Amino acid sequence: MQKMKRIKIAELIKGQADGSTVNVKGWVRTKRGSKGVAFIQLNDGSSINDLQIVVDLDKLGEDCVKLAHTGACLSIIGKTVASQGTGQSIEIQADSIEVLGGADPEKYPMQPKAHSMEFLRENAHFRPRTKTFSTVLRLRHGLAFAIHKFFHEKGFYYLHSPIITGSDAEGAGEMFRVTTLDARKPPLTETGEVDFSQDFFGKSTNLTVSGQLEGEIAAMAMGEIYTFGPTFRAENSNTARHLAEFWMIEPEMAFYELEDNMALAQEFIQYLIRFALANYPDDLKFLDEKLAKEESQKKAEERSEMGLIEKLKFVVENDFKKLSYTEAIEVLKNSNYHKKGKFQYNEIKWGMDLQSEHERYLVEKEFKQPVILFNYPKNIKSFYMKQNENEEVGKETVRAMDVLFPGIGEMIGGSQREESYEKLLKVVTEKKMPLDSLWWYLDLRKFGTAPHAGFGLGFERLIMFVTGMSNIRDVIPFPRTPKNAEF
RNA sequence: UCCUUCUUAGCUCAGCUGGUUAGAGCACAUGACUGUUAAUCAUGGGGUCCUAGGUUCAAGCCCUAGAGAGGGAGCCA
947 MQKMKRIKIA ELIKGQADGS TVNVKGWVRT KRGSKGVAFI QLNDGSSIND
997 LQIVVDLDKL GEDCVKLAHT GACLSIIGKT VASQGTGQSI EIQADSIEVL
1047 GGADPEKYPM QPKAHSMEFL RENAHFRPRT KTFSTVLRLR HGLAFAIHKF
1097 FHEKGFYYLH SPIITGSDAE GAGEMFRVTT LDARKPPLTE TGEVDFSQDF
1147 FGKSTNLTVS GQLEGEIAAM AMGEIYTFGP TFRAENSNTA RHLAEFWMIE
1197 PEMAFYELED NMALAQEFIQ YLIRFALANY PDDLKFLDEK LAKEESQKKA
1247 EERSEMGLIE KLKFVVENDF KKLSYTEAIE VLKNSNYHKK GKFQYNEIKW
1297 GMDLQSEHER YLVEKEFKQP VILFNYPKNI KSFYMKQNEN EEVGKETVRA
1347 MDVLFPGIGE MIGGSQREES YEKLLKVVTE KKMPLDSLWW YLDLRKFGTA
1397 PHAGFGLGFE RLIMFVTGMS NIRDVIPFPR TPKNAEF
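Here the first sequence stands for residues 947 to 1433, numbered as in my numbering.
For lysine to any residue, the following SDA-like pairs were computed, each having C-alpha atoms within a straight-line distance of at most 20 angstroms:
no., residue 1, residue 2
1, LYS1077, LEU1223
2, LYS1095, HIS1106
3, LYS1012, ARG978
4, LYS1369, MET1166
5, LYS977, PRO1058
6, LYS981, CYS1010
7, LYS1149, LEU1127
8, LYS1149, ASP1382
9, LYS1059, GLN998
10, LYS1295, ASN1321
11, LYS1324, GLU1342
12, LYS1314, PHE1260
13, LYS954, VAL1027
14, LYS1268, TYR1217
15, LYS954, ARG975
16, LYS960, GLN1039
17, LYS1311, ILE1275
Hints are computed from structural coordinates only; laboratory data are not their basis. Computed from a prediction, not measured in an experiment: that's the story for all the values here.
The task is simple: from the sequences and hints, build the whole structure.
Rendered as structure tokens:
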């Protein structure tokens, strides 16, 4: 058999049905046919669309498609012809079929039918071969690329913040310990504690929960930077919105104040969604239809008013609703939900942390669009956030912001940072934080401090919104959650 | 971690008030069919009813414990 250059299906279906001979390779989605002719639906991941291979059984013999079961990998040489069927405009008339890898249909778990998302998670090694999941992976790639494109075009620098951190002061939750000590009998100090001075780094280290503090180092020299990397939280969170290992984008900008930060957050998200709409129309159309089908099975009052693409366009075309925490409390207090006692936490008062039902009310019922909440009470937010000035005692707020999305909750959390050395030191002392591991962070305020701000965007939550997938475990190839690190 | 629901064929699920040999659709195999689009039609094989105890003449069904999963909540991105 002569060696022929392989052509990707995405490229092939864009071209003309001119009778030219090509070689395509891919995996069988499904096979069907009758006595004289068989049809193989082939996909190679380059596109959501399958390629239809037409096999003349009288010419090639019945045996040539015997092993072309769902999941098998084939290399096919044939002619590109205009399709006689209605599902596609171009197809391949096969001249030869080579089975690169068979897939025993009695044992191969994937079938040419709809599988539940739970089942696919348990078969994560074959999950990318499904239409839904390959679509999610293509969009995931596209959005990752668009993130770099956006920041590059704006003059931001991509900073690689460390994955192993010696700082336990980030305060963003439980951490995973990184150690080379013997787990069965670690060296102990005289007082019976584990002696981390004998550990690999000579101190206790963990996987990062945020690159923000290191990001600030770079922002105080390079101006505008962003990080984009894996992030780890050892919280025992069992929800459709949390992962133990996820990817986070954290821009950090010198000379930005809270308002600039909010404007950047909106511009950023809108840019990414616009990119997805422009570059992945087929994939989004498929997800749009899939979601519409799921919605039609729900009760009328639970159905969302907009389709996926409609929703994405709406977000691109409209400013986010900006609202201070104090205003949000008033809105909640005056809401019918509150008056009728519909909130589970129905005692709404200034200073409380908003429950997700409150956030959902604001986003999904009251404003029906993305909402940016800002100026939160000082007591419920992190130590590094800049405090507002001239406020009533007991009503102090910090320049924090959360970007809330329908169906997702918090997509972005960020703030203007406290740039005053004295004020930051005061908070660090009040909160009894370990000064010895924060010395370099405080130094940034001591030498050449500047107003600055930044935020963190959960990459998987963004993908959830863009794809309409309802579980975060279905937008990352290998989800890590409590009790689950298979694959 | 808490609340709640669930676990029956390869997959999705039904299984009545506890009663004899546990069902369906899809998938798979075989056959029929000259171009199908989740092809269609016919026939067939396929079960540790999540696990371990218990109640009962009798348990897929009731009780206890455990494991896993879904949904909701908390923590957050």
